[in-house]
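Colleague: So the chains spell out like this:
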Amino acid sequence: MKISLNWLNDYLTEEINYKNLVEKFNLMSQEVEGLYPLVDASKLIIGYVEKCENHENADKLKVCQVNVGDKTLQIICGAPNVDKGQKVIVALPGAVLPGNFKIKKAKIRDVISNGMICSLAELGVADFEKKETGIYVLDDNAEVGKDPLKYMGLDDQVLELDLTANRPDLLSMRGIAYDVKAMLDVEIKFNKPQVKRVKPEHEINIFTQTKDASVYYGQLIKDIKIKPSPYWLRSRLLASGIRPVNNVVDITNYVMLEYSQPLHAFDFKKLNSKKIIVRKANKNETIITLDEVKRKLLETDIVITDGEKPIAIAGVMGGFETEVDENTDSILLESAIFDPISVRKTSKRLALKSESSSRFEKGINHELTKEALDRACELLVEFADAKNCGGPSFFNNARKTNQQFELSFSKLKEVTGYDFEKNVVKEILDRLDFEYKLKDDIFVVNVPARRLGFESYQDIVEEIVRINGYDKIDLTLPITPTQGKLTKKQQFKRYLRTFFTGLGFYETNTYSLTDKTNATKYDLEKLSLVKIMNPITTDREYLRHSLIPALTDVLVYNKSRKINDILLFEIGRRYTFEEEVELISGLLHGRYNYSLWQKEYNNVDFYLAKGVIESLLRDLKLLDYDFRAPKQKLPNMHPGIVSEIFIGEEKIGWLGKIHPEVEKQLEVKDTYVFELELDKIFTPYQKINVNYQDIVKYPSVNRDIALVVDKDILAQDLIKTVKEISNNSLKTVDIFDVYQGDKLEENKKSIALSLIFENKEKTLETEEIDTMVNRIVNALTEKHKAKLRR
Amino acid sequence: MEKKINKLVEEALQELGKASKLNDLMVLKAKYLGKKSQFNDFMRELKDLPNNEKPKVGKLVNIGKNKINHKIEEMKEKIEADKINQKLKEETIDVTLPGKKIAQGKKHIFTQTIEEIEDIFVGLGYEIKEGPEIEEDKYNFEMLNLPKDHPARDMQDSLYISEEILLRTHTSPVQVRSLLENADKKPVKIISPGRVYRKDDDDQTHSHQFGQVEALVVDKKTSLSDLKGTLLLAAQKLFGEERQIRLRPSYFPFTEPSVEVDVSCYKCNGTGCSMCKNTGWIEILGAGMVNNNVLKACGYDPNEFQGFAIGFGVERIAMLRHGIDDIRLLYTNDLRFNSQF
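Top to bottom, those sequences are chains R and P. If you count by the working numbering, then the first sequence holds residues 1 to 790, one letter each, in order. If you count by the working numbering, then the second sequence holds residues 1 to 341, one letter each, in order.
Just chain R, same shape as in the assembly:
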């Protein structure tokens, strides 16, 4: 909301300090966006062009002798419309115009020019006049030597407020004045509009067929003359951010700004009847609105009709056919109240949001609907030569607003924690012009109709606190005795972040919404896909099923910026209609813990990715893990370098290398990714209970065996067999070498196992170990056709 401070001053009985006003608005009411002059210019003066002759050295320039009161200045002017006998706006040497445009005494083609004759555009107010052809020519009443801005009413300051939705009262200048009164504790005054009414010649009949129009006043006004509005009115509209059009349109806007009551003028001669019927639109009904667009109406839209067809969409936009134009000489002026929700729905659907519609949406004070119309008549008589204002036809079904709330003094203190005094509260309610009675300890407050939307005593509390000042409220802390804590799961997530960052992974923060392809790119199962009905773009239309596409995007982004070694992880959600599943996903690319000059390149590979996950599961004591080749192909993954991860028989996720085709599309190579379901790690982890195991006192014994097996034998199967056949003296079994090559037959490989034996009760004898090793070798031979390599 832009506020003309000249206008505000009309209502005030004393001068106010604008800086203080800004501060008070900020701390007690609404945020101030700015306070600035309507025209940011200095050293302007009204001049009279006494002489206007052609420039000797320039075709398009005129040399003017301009009387500015105490002297006559020679000014060069290039405007085509400059002429002698005009009263013009002169910027004197030293003047500064908007945009920090400095005016200096200058020589233009050998002729001295002492200033500039200004156009409206040069003053930053081109909209002041409908069309401008050059310099601005003032009317005859302008007084030479005086300040032109003052004469035109442009000597104004604009206070811009960022209004919150709960203060529709501040959409009117009168509402602003009331708030200023409460904040600054000053007096305000309003004049009742004076209208001389004559018996109307034409009686208009007004009916409604819908409850969604509660009040409708229609006033026939004849003998009007369409012309530009007076300077002051135009200036005030400009200050308020509304472009002046002509006197009738301007007056309806002016009254709307004054009362927050939208008005609409129909050209009476273009109406086909003397009847106004407000109703809901019929099926398939259409109207061409003021912007010359044909609009299809729904049965929920309120329309103003001439008894037959719509002539306006109520509260949203008038009809083109009944538009006021230059030839209009009589109007039907509407001041009405329509249902906020209906107007809101219609304006939203048609994308026609206007100053009027937004006021209807937020609610209109029915007590002023008639007065606003009177005010318009008053102005039309004065500025549109209206001669015939009959009594308005109307219906008025508005119910008296009952906004009575009881606020006990003790509740006020309890809610605010501030030790209010009764007198202070009374004074604040007086300043707000809220009627109240004090019954025992209870304030019974009647909130006036101009302050719509109060719901409970809480709103009264707010009013009292804001006018009293939030700075006065004490500083205490809640006494509620509760135990603060992170849940186990929240702690677990923090652990995961620490774990992965500790290993060198960067955490990413990516969007949940993506396009259809990326949403399902790594889906093995056909999970339900959640689609946004009203997406911002198709790139953000679906909720993702995997974080991997986002991670590969991050990889590509950074690769193209010459960052080559990239480890990423993110904890995020997979979304389906059924559930939101938390995932921990990661990506590995490039080198890991390397040293170039030492020739250690350490490119990441499948086993690094696997090692990371094994390390995590080991750290969590989830030793029952297993990496299995997937039974089904995982989409977009390398079919031979991929594994599903299990804890017990529960699949917790997968890891692998991205399919070469996908890598090609992304223009990256050798990228490994994993994705685990957080809950499937967290749940078994919750069951882990660590009991201390005695540290074995007896020495452990190491034996290495090398086996030759068929190429397709899995290492894991060998280890499984070793574990199965051994008693609990086998502490660990590990693989320390794998060889394929010339020294072996084709289709064979050698795998070397490192076995560590240990017994809690005694030192193991060599013979015992030999027996165990033999048993292991025999089992491997039997099960996997392994041969001991000598």
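Derived by calculation from the structure, the hints in this document are not laboratory data. As the structure is a computational prediction, the values presented were derived from the model and not from experiment. Even for Gly, the Cβ is constructed at its ideal location relative to N, Cα and C. Among the hints, erroneous ones may be present.
[Stated by the list, open to error] Here are the simulated EDC-like cross-link-like pairs (lysine to aspartate or glutamate), alpha carbons at most 16 angstroms apart as the crow flies:
1) 485(R) <-> 334(P)
2) 269(R) <-> 355(R)
3) 221(P) <-> 541(R)
4) 493(R) <-> 334(P)
5) 269(R) <-> 321(R)
6) 345(R) <-> 149(P)
7) 531(R) <-> 48(P)
8) 277(P) <-> 31(R)
9) 277(P) <-> 23(R)
10) 489(R) <-> 118(P)
11) 185(P) <-> 304(P)
12) 199(P) <-> 565(R)
13) 101(P) <-> 565(R)
14) 488(R) <-> 149(P)
15) 101(P) <-> 600(R)
16) 348(R) <-> 127(P)
17) 488(R) <-> 119(P)
18) 65(P) <-> 154(P)
19) 493(R) <-> 119(P)
20) 493(R) <-> 130(P)
21) 220(P) <-> 600(R)
22) 562(R) <-> 334(P)
23) 345(R) <-> 154(P)
24) 488(R) <-> 118(P)
25) 269(R) <-> 187(R)
26) 353(R) <-> 149(P)
27) 221(P) <-> 474(R)
[Unchecked claim] Coverage of chain P stretches by chain R, computed from C-beta distances (three or more under 8 angstroms per stretch; other residues unrestricted):
28) 22–32
29) 85–93
30) 154–161
31) 187–195
32) 310–320
33) 331–338
Dock chain P against the given chain R, drawing on the hints supplied.
Modeller: Leaving out everything else, chain P in the frame of chain R:
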């Protein structure tokens, strides 16, 4: 005799002093103290001397032997020390060569900020509650005093999945759920961190996805001054112990009264600078006293209970604290950005 001994000792000491290998020492030891050494000859000659001279010369011989032995030990230590020093010298490396590139990760500043806010409130006795991002209109709006077609819904343009289901626009539905599930109507003191979504085009200051941490306290006496005290504490923890706050009226449908909270500018200390647009204050968050309609909807009697709510914008706090001027940087994951925090 005396002269000869002294000369020999001197000669031995001199020769030993030149030795540079342990082996040389052994040879010299044999030469001067061995069976065929001159000292041995002296010892033999000793018995031929007159008795009165014997002790004197014998002492002289012993002293001489001791001196030589001493020198041998000394030289042995020296040679060994030289050997070690030589070895250490050979092992000396160029310490200025670069170290191995140990991978080093970072938590995202988004997470760091959330965790910091969480920790402040956990310290004050708050529990952390989370909830779904796909939410019912009922919990996201209606029970928060935002009925359908309420103009204030414009403040939060939403992404809908169906008429009744949407991506939550704030974490307030978690508060509703927490109040509802608290069947015996005990006091509630929680914070709810999480991701939220709005139908906004992404630009320097807007993001269709962002993070919130909301705090809620509902109890019998929770007051506006409790809110103000909590806000000051949080602001000081996040922006520095010297910070002050100020409250300005605002509007959120779920709180009444509602306030915007400013913190005194941490760059200029409130004197006015470009950071605070010469106001001395920087807006950090919104808060307010819980609207009675919300309490009622959640089964709490407003005559008995009252409370406050605070809403932190995670990115806003992070951006203000670190001078980040574009919210998109928090979602781009340029590692040159992510690695800075």
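Colleague: Okay, which hints does this one fail, numbers in order?
Modeller: 1, 2, 3, 4, 7, 12, 14, 16, 18, 21, 25, 28, 29, 32
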